[in-house]
Amino acid sequence: MYNIIVGGGKVGYFLARGLLDQGHEVLIVERDPAKCEMLTEEFGSVVLQGDGCETAVLDEAGAARAENFISVTGDDEVNLVACQVAKHLFHVPRAIARINNPKNEPIFLKIGIDFTVSSTNVILEHIEEELPAYPLVHLLRLLDGTAYGIVEVKVPLGAQVVGRRLRDLRLPHPSQVLLIVKRGGMPTVPAPDTMLEADDDLVALTSPETAEQLRAVLTDGATRS
Amino acid sequence: MNAIIMGCSRTGSILAGLLASEGHQVTVLDMNPNAFRLLPPDFGGVVVVGNGIDEDVLRRAGIEQADAFAAVTQNENQNIMAAQIARHRFNVQRVVCRIHDPSREQLYESLGLRTINPARVGAQLVHEALLREPATAQAEPPRSG
Chain A
1 MYNIIVGGGK VGYFLARGLL DQGHEVLIVE RDPAKCEMLT EEFGSVVLQG
51 DGCETAVLDE AGAARAENFI SVTGDDEVNL VACQVAKHLF HVPRAIARIN
101 NPKNEPIFLK IGIDFTVSST NVILEHIEEE LPAYPLVHLL RLLDGTAYGI
151 VEVKVPLGAQ VVGRRLRDLR LPHPSQVLLI VKRGGMPTVP APDTMLEADD
201 DLVALTSPET AEQLRAVLTD GATRS
Chain B
1001 MNAIIMGCSR TGSILAGLLA SEGHQVTVLD MNPNAFRLLP PDFGGVVVVG
1051 NGIDEDVLRR AGIEQADAFA AVTQNENQNI MAAQIARHRF NVQRVVCRIH
1101 DPSREQLYES LGLRTINPAR VGAQLVHEAL LREPATAQAE PPRSG
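Quick note, the sequences are listed as chains A and B, same order.
Position 7 (the first sequence) corresponds to 7 in the numbering used here; numbering is contiguous.
Position 75 (the second sequence) corresponds to 1075 in the numbering used here; numbering is contiguous.
Do not take every clue at face value.
[To be verified] Here are a few chain A residues that sit away from chain B, every Cβ distance over 12 Å (derived from the structure):
| id | residue |
| --- | --- |
| 1 | PRO106 |
| 2 | HIS173 |
| 3 | GLY221 |
[As the list claims (entries may be wrong)] Restraint ranges, calculated between C-beta atoms of paired labels, are given here:
| id | chain 1 | residue 1 | chain 2 | residue 2 | range |
| --- | --- | --- | --- | --- | --- |
| 4 | A | GLY9 | B | GLY1044 | 37 to 45 Å |
| 5 | A | GLY112 | B | HIS1100 | 19 to 27 Å |
| 6 | B | ARG1132 | A | GLY44 | 50 to 58 Å |
| 7 | A | LEU157 | B | GLY1062 | 33 to 41 Å |
FYI, nobody ran anything at the bench for these hints, they're computed from the structure.
Beta carbons are placed, not taken as given, at the ideal position from N, Cα and C, and that holds for glycine.
Sequences and hints are given; from them, build the entire structure.
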């Protein structure tokens, strides 16, 4: 599979490395002669010096037979124009643009770039996955030699547990709801038939191993805010 | 007419002066605040510092109320991107984009942008001037004394 990469910076370098390791054919188009020299030393003759937006350069690169055209420079306008030239003048089947400013994603897609990769958004998504949307707050760790602690979890709007009675929940073992603070700040000692409502704050005893499961039971189904 | 000009280059500043003197509402956009020195001293329009490929800057320049957008910076790719944002995202009716490269000029004309190629226009004017029948008075060669 023939891949043309525009931009021989860090992203272009590691992309080329990866594609070459997988046995694909690669050509890097880079404007800066010094970078070209460095890339040639590393990868051999898979580097073309020139402007990846120029028709003549892409012609020389053999863009007409490329299956993937990937523009990964640090300038969104260059990535946009390079992909548009490749797509419309060389009919490359797949044009992929790196987006540096996430605000540009809608316009890239609207004017017909097949795929965009926004490094900023990718990193943000990973961080969001790592951060629970409805955090569990550790209130207290009991110091009696056991690993038990007291945590607080808010029941979010739309959670599956809303409208269900405490005794019907499958809470992980060991964990025990100690107190429910209703909206408006009224604390209630929970009984087996206490009904859960959205925005209830549950104070519960749990162990470090079960804390995450407890959070999941109480928040699953919620619309992420 | 309410016009936004991106790039206070020589072209941009002359264009801004022309439109403003005709009574149009003009906003000039440039990344370099010093560039606005090129504007005529009596320029009555608005200047905004910022990059026209940033939607927030375009909003600040009033693109949502603009009837016309001209992208005339020295950076061809920025002109192309900004013109497409103005046309396709903000639905500005009259969008003109300066492109020097003839093959890209053709491509973006076919994709619906109005493009101006200063090199081509300049060459045509010089061409016409060269082929014009010389006026007799001008045809006299300077006499060497």
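Each hint, compared with the structure:
1. PRO106: violated, 7 Å
2. HIS173: holds, 52 Å
3. GLY221: Non-interface label stands for GLY221 (chain A): nearest chain B Cβ at 35 Å, farther than 12 Å.
4. A:GLY9 x B:GLY1044: 37 to 45 Å: holds, 44 Å
5. A:GLY112 x B:HIS1100: 19 to 27 Å: Cβ of GLY112 (chain A) to Cβ of HIS1100 (chain B): about 23 Å, so the range 19 to 27 Å holds.
6. B:ARG1132 x A:GLY44: 50 to 58 Å: holds, 56 Å
7. A:LEU157 x B:GLY1062: 33 to 41 Å: holds, 39 Å
Against the hints set out earlier in the document, a violation occurs for number 1 only.
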